[in-house]
Amino acid sequence: MCVLEKKVHQLVVGCLDGYSIGNAEYEDYILRLVRGHIGGFIVFGGRRDDVRAFVARLQDVAPASLFIASDIEGGCGEAD
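Letter by letter, the sequence shown follows residues 1 to 80 in this note's numbering.
Honestly, I wouldn't trust all of these hints.
Said to hold, decoys possible - Here are the simulated lysine to any residue pairs, SDA-like style, with alpha carbons at most 20 Å apart: (1) 7 x 36; (2) 7 x 32; (3) 6 x 72; (4) 7 x 48.
Rather than coming from a laboratory, the hints here were simulated on the basis of the structure.
With the hints as constraints, model all of the structure from the sequences given.
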């Protein structure tokens, strides 16, 4: 992948379904996006500690820091 392609991919911000964290297929899909240089995610729902741990894992794998936002009009997530 050339530098221009990586930069274009970093402009993309996708959705991250916090309730699907723990589903191996979903997590693999998200990790593939991260390795493909996606720019970040908007987090929707999920358990606070699960989301926090998964986002930390994504940041560790990401070739560049991810932009993370959330849709929290319903609150900051369910506590464990």
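Structure-based check of each hint:
Under the criterion of a C-alpha separation no larger than 20 Å, the hint pairing residue 7 with residue 36 is consistent with the structure, at around 11 Å. For the proposed pair residue 7 and residue 32, the alpha carbon gap of about 17 Å is at most 20 Å, so the pair holds. With a C-alpha separation of about 29 Å, the suggested pair residue 6 and residue 72 falls outside the 20 Å cut-off, and the hint is violated. The straight-line distance between the Cα atoms of residue 7 and residue 48 is roughly 30 Å, outside the 20 Å bound, and the hint therefore fails.
The structure fails hints 3 and 4 (numbered hints given earlier, in ascending order).
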